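Peer 1: Read top to bottom, the protein sequences are chains A and B. By numbering that gives the first Met the number 0, the letter at position 205 of the first sequence is numbered 204, and the numbering carries on one by one without gaps. By numbering that gives the first Met the number 0, the letter at position 45 of the second sequence is numbered 44, and the numbering carries on one by one without gaps.
In short, the hints are calculated from the structure, not lab data. This structure is a prediction, so every number in the text was calculated from the model and none was measured. Careful: at least some of the hints might be erroneous.
[Unchecked claim] Label-pair restraints from in silico Cβ distances:
id, chain 1, residue 1, chain 2, residue 2, range
1, A, Ala700, B, Tyr22, 53 to 61 angstroms
2, A, Leu660, B, Glu87, 45 to 53 angstroms
3, B, Tyr22, A, Leu660, 49 to 57 angstroms
Ideal Cβ positions, reconstructed from N, Cα and C, are used throughout, including at glycine.
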Amino acid sequence: MVKVLDRKLLRDLTRLKGQALTIALVVAVGVANYITLRSAWRALGDSRAAYYEDYRFADVFARLKRAPDSVVNLLHDVPGVASAYPRVVEEVLLPIEGLLTPGHGQIISLPLHGRPPLNDVQVRAGRFPEPGRGNEVLVYEPFAIAHGLTPGSIIPAILNGKLHELIIVGLAISPEFVFAIEPGGMTSDDERFAPMWMSKSAVAAAFQMEGAFNDVVIRLEPGADERAVLIAIDRILQRFGGLGAYGRDIQVSNAILDGELAQIEAMVIVLPSVFLAVAAFLLNVVFSRLVALQRAQIAVIKAVGYGNSAVALHYLKMVSVIVLIGSLLGVGLGAWLADGMLDLYTRFFRLPMTRTRLDLPIAINAVVASFVAAVLGIGFAIRSAVTLPPAEAMRPPSPARYRSSAVERFPILRKVRQTTMMVFREIWRRPLRTVLSSTGIAFALAIIILGRFGKDAHGPILDLQFGRQQREDISVIFGHEVEDRSLGYLAHLPGVDQVDGYRSTPVRFRSGPRWRDSILIGLPPDSHLRRLFNRQFRPARIPHSGILMTDVLADILGAEPGDLIEVELKEGDRGTRQIRIAGTIDEAFGIQGYMQKSTLHELLREKPTVNTALLRVDPAREVELHQRLTDIPTVQSIHRKRTLLERFEEQTSQTMYVITLILTLFATAIAVAVVYNNARVSLSVRSRDLATLRVLGFTRAEISAILLGEQAVQVFLGIPFGLLLGTWAAKALLELQADPEQFRMPMLISSRTYAFAVVVILAAAVLSALLVRRRLDTLDLIGVLKTRE
Amino acid sequence: MSEPNPNSERSAILSAHDVTKTYRMGDVDVHALRGVTVPLYEGELMVLLGPSGSGKSTLLNILGALDVPTSGEVLYRGSDIATAGERELTRFRREHVGFVFQFYNLVPSLTARENVALVTEISSEPLDPRDALELVGLTHRMDHFPAQLSGGEQQRVAIARAVAKQPSILLCDEPTGALDFKTGIRVLEVIDEVNRSLGTTTAVITHHAPIASIADRVVTLSDGMVSSDERNPKKVSPANLTW
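Bound conformation, chain B alone (with noise of 0.2 angstroms):
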């Protein structure tokens, strides 16, 4: 059993509440998430652990609006969005995520400012774009079109993407996934800049246990529940990282 949570003080500023997620696939019900109750509060930096098939991305799914779960409660400052229709859903994205990625996601036909411009322009209080890739340290880069940046520059404009509109909440889906150990601790460092610079609460799931090392709390699930719900006692920065 896990240690009692001393972020109970603190908000959670989003939360799962005996989540559920049952997807039927053929003749087969997959339950991939099974009375799951996840909070996330506000400034932390959760990282989400778990094998493939744990169920981390469709909880991250859920938590970013972009699925719904078969029952429970998914609470955004108090308001269930479980049970929001489709328009909700997006708006509720479009003013309060940032989603990062696993293979960047940047639109090939605009430039690194311009696809921060897209998604400042749709906010109501938007970062300005060339703030958002000073954030990523890639001013110097940001006439550039995708084809034109390597994989790990991609990433950090898509997290400049991310933040650009001042988000509450950022989602990272794997965000080093495509990226070599060292291009990968560069993003992982730009993500924990962001959330103790903006102080966006900031959710990474991942499969690559040493990079829990970095968070404030870690969270694993394994086969669609929640295994532990710990505090990191001993957060690193990113650049010390080691795997």
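Okay, chain A solo, but in the shape it has when bound (with noise of 0.2 angstroms):
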């Protein structure tokens, strides 16, 4: 049987039904946040931990230029290493038909027998090629797919300038390739990078590497010292060309992982405290009004009989009620999205993902939190109800003190209307609520501008980067530096209408006890084809004597423009040489060093080459062009432009959209919420007021404006704070991204995205008052010439 308090919560609730729903949805938009994002969080952390710990991936790497095969044992004897594994990895072009230019493929050796012991391969389809069949392969599996292939199929690759018809016998994925990005690259491309595994027999007869090996993978033993193993393995490599070893951190593809998880743990705390936050005072401004108006009710209750618990648990249950609506409905809106939001890092992480359809520790998390929340916001709320005896609990509460401020002695305030002045003054009274709505509307913007502000720069900086900064068509890597005069030969290839090239050399940067493996590119002091700019567009110029350098890896060394720094050739003699930071340059992409080519080449002590050109060409004879360039032996690999960019946008507006759309509908819910709460306890308050106005001729629209004119304060005091914070917000996720040494987003908001925050949360504000606004036509104005209160 329902007790009788019980059947007054459900009908008490039951006529606060709209407000009791805004607030469950600002619950709902709060819990489904948390679980989404604590979902992926632990979906992504769990999944990459199990993958690399399954497939045994390594904590160091290394790439050097060539070592005998028993090099290895001085890397075992290192302290801290559990096990090295020495492999050849090699660059190779992949001219498959359907292709512009051709793919780029790394073939990374397999052991003669068994399988890798450290980053080893997850077969998805077929198997591993057998030990001696030279022209079996296993081909990254993401490609494959992107190309229709499939175990059997054949695959063109040219292995050290020889074309070779590969037998694809398996479809693979690894954890050195969560996120494949080729070297050098900016962004995956499943269609043009492949990593392949051959036998390691095959491999080095290819590139005549038997006996040999120029990468290495290491594990380390428990607790060992990374930095101290580093050194020493550097200090063993050095000598044969070894290009600086490196750990998890810097790993490219780890690396990404590492940012997106950052990214996600920052906003897993922020963005589910601000939802419950709102509903949180939402519900001490709608509860506050309703013990407030059910005094009389309360006192009743405690004269016949119940105590003060009775009375809290009766308006905790309440509260409860609509807490769990809102949870339920957050619970299963944020496993969906959860869900969602792992669909689409399948697209882009290339991993085994952990799935469960609800993570339940975290859905009972969300839910706790969001009635500990609740119960915060309306502690005070009952407390006075509860504490206050039944005698004077019956009397009408004490009038509500009213009283000038100082402020109002502005002569302009001193003119205006009445009714302007009831506005003004309900809000000096209560200047805390006022400033915690007008904060919910900020939250709410700021929070458009957040899924929005992504795109603003998205344009610019593709524009910048491959428009102005990158202005051929085509770059040709090459696989060693070959002399300027071969930029003569390209120029003469069909379709070429300009060439230009640079000389890029691999470097340790360092600066007292810090350091940084990198590259310092050499350009010509004339170059047409590749200029500098910093991400607030402006030009940047190599300097006449030594380096320009990216303003992050300036910070990483811990350098200034005006510092000497030592720079650790890994080509050439491996000297080193000291150079001066002429100046530092906030670029977008990459942390590299700039100098003039001719000064690079002194540095060198070589005569002038180049290791890439960059070609402006004819479209309609781009596909011939590309035919002569494959042919080219020394070419490594042939980069378009205009695929690089397609495939950027194409990765970066998926995601964007679905972002934008969610954070608007969570914005517009806060928003509705906190003007749709407000103006009702406002009319609440103020009906009798209300009623008598109109009884007095007022006409409904005046009345309207005296009650939503709060709200409009509210709103147009929340607009630009919301502008502000919004703008911090997207600074600090920016500071947060994937990953700051790959790419830095520039801090750029358009005003567009501006207005369109400010406009839904317009529409948002002025749809709730449009709802309130109708009760006023309900108004009793006879009831009113009656009653006291």
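Got two chains here, each in a separate frame; can you build the complex from them with the hints?
Peer 2: This is the structure we're talking about:
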């Protein structure tokens, strides 16, 4: 049998259904946010950990020119090294039909016997290549799918200048390529980049690497000092052309995953907290009013014998129903969104994702958090009613105290209409409520900005990088440096309108105890096809002497313009030079140093060479040109700018649209809830005054202005605050972006984004206001003549 | 039967003609007014007397354009407002009617002066709020909020608010209902003064018979019908009232 008090509870809630629903929606969004983000974080993190563990992902990585296999024993002897696995890794071209420019493959050797001891490969279809079968290969599964390749398919590959027809025996993925970006690349491209695995004997034979290795991956012992190990490895590999050992934090695929997890981790606390805080505030507003209205009822309930705890429990139950509804909605929504988010992740991160339909502990945490927020929200509201003696509760409450404020002495305020003064005094009487309501609006607006601002920089940064900075249509990377006059040869190829070239070399920059492996790029002074711009779209000039360095790199080194730093060459005589930092550049992609090409040649003590050629081409002859380029033995890879751009845009636009839509909807929920609830409570408090004014001859429009004036002030105060908050939050989010060494989005929020956010908030506010305004039509004008309150 | 009404030579500024009002309350029809004809003559102070449930509040609401009759006419200076739409009724109240409520109904966030100014701002020929408050003897309290005023003072501010727009008609619904005797007398004195000095046609509804002594004319309602409509031969000033 339902208790009478519980029946009262249900009826009260039914009467408050509009308000209860809007608050429940805010709770739902907060819960959903938490579940989505936490589930994604856990799934990604756990999946990664399991994958790395199962497939023995290495801790340390090193590339080198060439060392005999026996050198591995030296690496094994380094304290902290548990195991070292030498490999041959080579870049190849993949002239696949249907690709305008050849794809790029990275062939990784497989051990002669058994599976790789480290960085194992997960075969998803087919089998491992048989040892001794030189033309069998495992291919990266996403690449195979993109090209409709299956075990048994033939894939053409140019190994060391010679075309081979390789047989795909299996499709695979690896923890080394959870996010597969080709060396020097900007983003993943499953159509154009394919890690591949072949038996060591086959790879070594093709590249004259028998009995040698040029890549090593290392497992550390638990508790090993990674830094000490890196130093020791470098010392050993230096004379073999070592290019610098690095840990997982720099390994590209892992670094991107780290960045993604960091971003989620930041958002998982902030976003849900905002929603739950708004819900708590609204519950406070609504329940404060409810308790005020029900004073007499509470008095009677106490008078007949119910204790304070029964009264408190009654209101707690009421809140619990609202929060429960919101939580259930939120759990459902969160589970659905989490699924969607993981689907999105599987498109970009190639690893077996451990998915549970709904992670129960996460859901429980979310629900508990929302209840805690709700109880905190209504704590003060019910405390006053619970502690009020019954006799006092039966008397009408003391009238609200209004005061003239010092602000009203301003002459302009003396001239305002009384209806405006009513709005002003109501706001002045409850400044905290105005501040909190405006804050809620501000948060809503900021969330919309967060959902949209990514797009703003997107277009301009692509234009900056691919329009102004990289002015070539095609870049050709050679397997080794070639003389400058090779550019002349390229200039004569069909379809080539303009040629330029530059020299780059891998180096280790060192400043005191700090160092970083990077590249040094030598650009010709009159380079037409490669220019430098910073993220603020201002051109930068290569200094006559010294290095122009990416500012992030300078920060890593703890160096400033004017400082002298050491540059350890990893080519040529592998000597160490000292160079002054002439300046820094705040650029969007990568971390590197730039200098005059001639200066770089002096540094390297070599004659003028290039290892990258930049071509401007006639589109009509592009196909022909690609054929000719593919035939050049020294060409290691060919990159078509347009393809890269398309890939970049395709990847980001998918996710951005979804994120914008979801965050806008969430923010709208907050705005509607804040305005609607405040207006409803205001109507409840002021219905008698408003009805009186109607009796006195005020029109519905005039009293609407009084009712909604307060809400309008809250919204208009919230808007500029929200614009600032959104800008700040966007900046904070940028600082947590996926891999700041790979890509740094500029801070750019368009006026269109700001305008969109403001329009959405205003529309939500107007919608809520209209919903409440309808109730003004049913004000009891006659009843107001007789009632005291 | 009542005596012939010598007021027939005077014009009725507002009058109800054969007005009925029926409410539907669930399955029951409540006949609050059953063919009531009541004129309000210009400049007079009329008391509408009747016990609770007699229909006096319903009649006041109809005369004040807060409600419309089920049948009958309500003529203001010859125009029937009984068939007017909501907008016309609002305009009528705005321009021609002043209300005084039993529980004052002042806006708590406005001072006494501001409560009066609330109405003068929407009126075409208002008094100055200060003058209106002077009429009720409250200029010294005009910057106080309602919470800082006694019940009688609040009611006097309400009267000042009602007359500040210089309405043709002043309708007072149980103006002393929430007040003690002494304060109630003071309020009635103010109403009487307003009627005399401004010439505002005034109707006071009450269930309290002694108050009828201050009227020029007393209309008694009983069970939704006019049971008497008589001139008061011995009008007394509110100060001389006893109950």
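Peer 1: Now tell me, hint by hint, if it's right for this structure.
Peer 2: The hints, checked one at a time:
1. Ala700/A to Tyr22/B: 53 to 61 angstroms: 29 angstroms, violated
2. Leu660/A to Glu87/B: 45 to 53 angstroms: Since Leu660/A and Glu87/B have Cβ atoms about 48 angstroms apart, the given range 45 to 53 angstroms holds.
3. Tyr22/B to Leu660/A: 49 to 57 angstroms: Once the Cβ atoms are compared, 52 angstroms apart, the range 49 to 57 angstroms for Leu660/A and Tyr22/B holds.
Going down the numbered hints, you'll see the structure goes against just number 1.
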